[in-house]
Structure formats: C-alpha cells, structure tokens
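Add chain V to chain W, keeping to what the hints say.
Next come the chains, spelled out residue by residue.
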Amino acid sequence: MAAEPAANGHDRRRLTAALLGPDAAPEPDRTPAHVVRGTLTDISPHMLGLAAPEGDRRFIVTPQTTFWHGGERTARELRPGQDVLLRCVPGAELVVERVWADLARVTGVITAVDGDTLRVAAGHDRAPVTAVVPYRASGRIRVRHPRLEEGYLFDAVGVRDGDAVRALVPATTQPPYPVVETPPRPPTVRQAARVTGTASWYDPVLGRDTAADARGTLMGLAYPALDRTGDCGPACDRATPCAPLPLLSLGATVRLTNECTRTAAVLPVVACGAAASHFCDRCAACGSQASGRIAELTLAAFVALGGQPEAGCCTATLTAGEP
Amino acid sequence: MIDALRETQVWLLAAVLLLGAAAKAVDRTAQGPAVLLPVRLRQPFTRLHAALEAVLAAGLMVLSGAAGEVVRAATAALFAVALVALLRLRRRDPELGCGCFGGLSTEPVGWRSLTRCALFLGAAAATVGLPGSGWAALADATPRHGALLAVEAAVVAALSPEIREAWRRLRSPVPCALREVSRGRMLRRLRASGEWRERRHLLVSTEPADTWRHACWWLARFPGRDGERSVDVVFAVEVSGRRPEVRALVADAAVGAVDAGGTG
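In the order they appear, the protein sequences are chains W and V.
For the first sequence, UniProt numbering assigns the number 1 to the initial residue and increments by one for each residue that follows.
For the second sequence, UniProt numbering assigns the number 1 to the initial residue and increments by one for each residue that follows.
Careful, some of the hints might be misleading.
Derived list of chain V stretches under chain W, where covered just means 3 residues or more per stretch with a C-beta under 8 Å from a C-beta of chain W [to be verified]: (1) 173 to 179; (2) 187 to 194.
For the chain W half of the interface with chain V, some residues (derived, Cβ under 10 Å), not all of them [claimed, not checked]: (3) Thr41; (4) Leu78; (5) Val180; (6) Ser249.
What follows is a set of in silico ranges between Cβ atoms, one per label pair, in the way DEER data are often shown [claimed, not checked]: (7) V:Ala166 / W:Pro128: 39 to 49 Å; (8) V:Trp111 / W:Gly151: 41 to 51 Å; (9) V:Ala67 / W:Ala112: 48 to 58 Å; (10) W:Ala284 / V:Arg185: 41 to 51 Å; (11) V:Arg197 / W:Asp23: 26 to 36 Å; (12) V:Arg112 / W:Ala112: 36 to 46 Å; (13) W:Pro234 / V:Trp111: 40 to 50 Å; (14) W:Pro128 / V:Ala153: 49 to 59 Å; (15) V:Arg242 / W:Val143: 52 to 62 Å; (16) W:Gly162 / V:Arg112: 27 to 37 Å; (17) V:Ala77 / W:Gly151: 55 to 65 Å.
Just so you know, these hints were derived from the structure itself, not from any lab.
Every residue, glycine too, gets a C-beta built ideally from N, C-alpha and C.
So here's chain W without its partners, still in its complex pose:
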C-alpha cells in the first residue's frame, strides 16, 4: 500500500516546497558516511569486512570498538553472515566505534500467545512478527511487561533468529490495560509546530538481505499521525497519538533533534507508525518529562542521530509543517 505514495514522495515534497515555501518541506538529509550496514564477511581483532549494497568494504577495529549481540560481546563472538550495523567515528569513517549484530525489535499489539512465543501485530502496513521470550530474559521482560496476553502492548529489543526475534530487553513499560481499553485522550488544543516526545526505531528490512538492499540504511521515519483519509488507507489501524502531532502524509519532511546528543537531521516520512501511535510512554533518557511517541525512526536514522538502539528510545523534538 505504501509503495506508490512513497514513490511520489519526492514530487510531493518538491510541490509542497514550491507552494508553501522551502521551510515547509526542506530537503532531506542523506545517510551519513559513518553509518554503515551490511552482512559480516570476516572479522579479526583489527579488521572487519562486510558486504554492503555499495560493495565489499573493510573497516578498522580498535581496542575502543564495542560490540553488541543481545548484550555486550567481543569481536570473537561475532560470526560471518550476521547482519551488522556499524557506527564509525565521524570524520574517520574507516574506524569502527560500535557494532550491532542481528539487531531486531518487536513493537505492537500481542495477538496470540503460545508458551514463550508471542505473535505481535506491528501495524496495518507491516507483517506480524513472531517474538520468542527466552527463559533467561523472561524475568527482565516480565518486570516491564507483566501481561504477556492477547490485546496488550509489547515492545522489546533483541536479536533476529531466523524469521523470529528473540526478545531480550524491554523497550518500554507496558500499559496496565489492553489497547482497546485505552482511556479516551482529551482533545488537544495546543498548536503543534514543535513537539517533544519519545522517538523509537524500527527496521524497514527486518534484517533481511542487508548486503544488497539499500533500504537497510534508509534515512526516514514512520509517522504516528499519518493522514487517515489519504495514505493510511481504509485498513488504517493507527490510534490518535497522545503527543499533539500535526497530520502529515508520506513524502513530507520533518526536522528531528535528538535532545540527548543535540544532533539534528531532516527526515522524510516513509511509512505509517501505527504501532507507535498506541504508546504514550516517556523515554527515561535525558530525564525528559515529555510523553508520547512522536516518530519511529528507521534504524539507520536512529543511529545517525546518536541514539542507542539497545535502549529503544531517545527524547527528541520534531518540527514539522511550518510554512
């Protein structure tokens, strides 16, 4: 459903800028050179090779380089064939700062439970995800998701395991009621050109074929307040987000600032953030009091803005729609 409007995205941005002024629809930023994704081909204590859409590339591993695969790891514990995301040192893009291997996330509404396996609906425009909560992580997950039952929200970061995701770290505290019993939110009366709230992330390629699929490093965001009458479509299952977000369509561009690192980027709206619209949570990072998810960044955009994907969120300010 999203494919055709996304193809029109550039035209929409160009025409919006021509009619409403360049500030209303600024040019989006490209993927920065220090964010790289691909399939790991070899790794040693000093070098790391990966197959990326732009070709085979090699990077320098230093003693300061850190590795994550469901937790902090060493270079020896990574295996060729894994989907890896690198954050290199800005300005020295051959030196790797941090490596995430097989990073994955499950965000949405639980639709079925079978033992330690959950089926999670990730929104009307994405395929449902199977999450497995391993015994060693179940205590940690249960503390913040006490009700692993149908109809309740679930959000956890973990590692990809075939078509499923091993959920290891809770990314939010689950609301104590099922989604359908979410209390009605009072109507918003505030004007909303700048909104501060929680920015989370999602993986547009689900860890698949990152050696060839350039969407693995797509810079963009899934927007929780996508216009219902247009792109969201008749199957739209997004809720009204609790942050006062302006209504936008695919192709719009917004400025997003990570309040923790003060890094900013202009990002295009590339998908519907239906799953994120159900969350009215607060990100503990930077001690922010603002609640509500304002954007679900693509994994590359989240890392480019200085976010820690294993933490699940960062506090951010979104500026949109100013003509």
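Chain V alone, transformed into the frame defined by chain W:
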C-alpha cells in the same frame, strides 16, 4: 402549579434525551457505562443507546394515552438504570466520565452527574400519569410554564460540566494542523475558490491524481495540459477558516514549478 411543573418535565426530558442522542451519534466512541460491557458490544450499545434516547424523546413529545404512558415509564426506567450504571462505573473506574453527552462528558462521575441523573429520574417519574402529549402541553403553555422551565434548566445547567467543556472547545477548537478533514469537504472548498476557476481550463481531469496533507494545508495534484505540454496543476487549500486561503501552481510534469499564485 403541580400540573404545570409535571408538564415542563416532559419538555425538559425530551430536550435532554435529544441532546444526549445527538452527542452520542456525533462521537461514537464508547463512553461512560458502555465500557462496563465486553469490547465487541460497546459500539453497538452506544448506537442503540443513542437511538433509544431519540425514540423516547420523540415519544414524549408526540404520544399520549396508553402509548404515552409506556414511553414515560420507559424514560423513568432508563434513568433508573443509568443511575445504577453510573454508581457502578464510579466504583470501577473513578477517572472515567459519565458519557451522558458522548465525548463532552469528560469530567469523572461525581456528585454532579449523579444528582443530575437522580433529578431526571424524579422528573420522569413525575410525568407518569399525564393525560396529554408534550406537544399538546406546549400548545397550551402559560408564562408559569416558561418560568418553571427556566428555573429547572438553570439547575440542570449548574449540574452539567458538559456546558463548560463545550464552551472550552468552541473557544479553543482543535488546531488546524491536527484536525481531520474529509477529501470531499476539501474538494468542495477548492472548487469554490477563484484559483480553481482560473486554472480549471488546464485540467485534463477534475479528479485529483494525488492528494496529501501537510499540517494546516491539504494539497491536491491534478493532471493537466497547457498547449503541447503535460503539466501538473497543484492546489494547496487551508484546512481552517470560512474563506480558506488557496494557493496554486502549474508545474511542468517533468521539470518543476513554472507559475504560482494564491488567494486570501
């Protein structure tokens, strides 16, 4: 005096029931006692509740005799059930509004909504046994009826937090950037504009090829032809205001904008 007081109750109850039905029809999300039901029954219940209120309101005004008695007794029964439901709701979810007037009833169930419901129950009970219909009483209304109705309306208004909520919404409506609008409504606004009439001759089709939203603006792209050139005629229509600003441009389908204009 007592008869006049009983007759005014019919008009008051009819007005309240009609307003309640309209508010529930406008905002169909489950509110108030509907949340005591299983999820799948909430929306049908809300619709049924609104329909029942509308039917009772009409019945109170037009029916007399035995049929009128049935309607008046049913109205009393409705308010009795509502009072019990509100008490249960307050015990189960003290933060929830009563839902009496749909989404306007946001204040948690408290002494005001309970007293109001009890007052309506008493008013409905007082109407049982009246010989004529509400219309018949209205035709023979006296200044005494008017005075009694005014006093009672003032009491009901004092017990109704919805009035303050409605006033607040009127003074501070949903900001234009957040307001949901239908495609049909925006197309009507566009077609009523001078910008549309001025560029109408360029359009190949009057149905937009693409529409999108940008905060306070709704934009539509139409395929067009300017001589031999294929062009896009694009309009931006403001979402708010009675006379919305409309901007337009003609862009070469391949290259970019060539002519732009706007109206206030």
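Hint check results:
{"no.": "1", "hint": "173 to 179", "verdict": "holds (count 6)"}
{"no.": "2", "hint": "187 to 194", "verdict": "violated (count 0)"}
{"no.": "3", "hint": "Thr41", "verdict": "41 Å, violated"}
{"no.": "4", "hint": "Leu78", "verdict": "43 Å, violated"}
{"no.": "5", "hint": "Val180", "verdict": "5 Å, holds"}
{"no.": "6", "hint": "Ser249", "verdict": "4 Å, holds"}
{"no.": "7", "hint": "V:Ala166 / W:Pro128: 39 to 49 Å", "verdict": "42 Å, holds"}
{"no.": "8", "hint": "V:Trp111 / W:Gly151: 41 to 51 Å", "verdict": "34 Å, violated"}
{"no.": "9", "hint": "V:Ala67 / W:Ala112: 48 to 58 Å", "verdict": "52 Å, holds"}
{"no.": "10", "hint": "W:Ala284 / V:Arg185: 41 to 51 Å", "verdict": "42 Å, holds"}
{"no.": "11", "hint": "V:Arg197 / W:Asp23: 26 to 36 Å", "verdict": "29 Å, holds"}
{"no.": "12", "hint": "V:Arg112 / W:Ala112: 36 to 46 Å", "verdict": "44 Å, holds"}
{"no.": "13", "hint": "W:Pro234 / V:Trp111: 40 to 50 Å", "verdict": "44 Å, holds"}
{"no.": "14", "hint": "W:Pro128 / V:Ala153: 49 to 59 Å", "verdict": "54 Å, holds"}
{"no.": "15", "hint": "V:Arg242 / W:Val143: 52 to 62 Å", "verdict": "54 Å, holds"}
{"no.": "16", "hint": "W:Gly162 / V:Arg112: 27 to 37 Å", "verdict": "58 Å, violated"}
{"no.": "17", "hint": "V:Ala77 / W:Gly151: 55 to 65 Å", "verdict": "34 Å, violated"}
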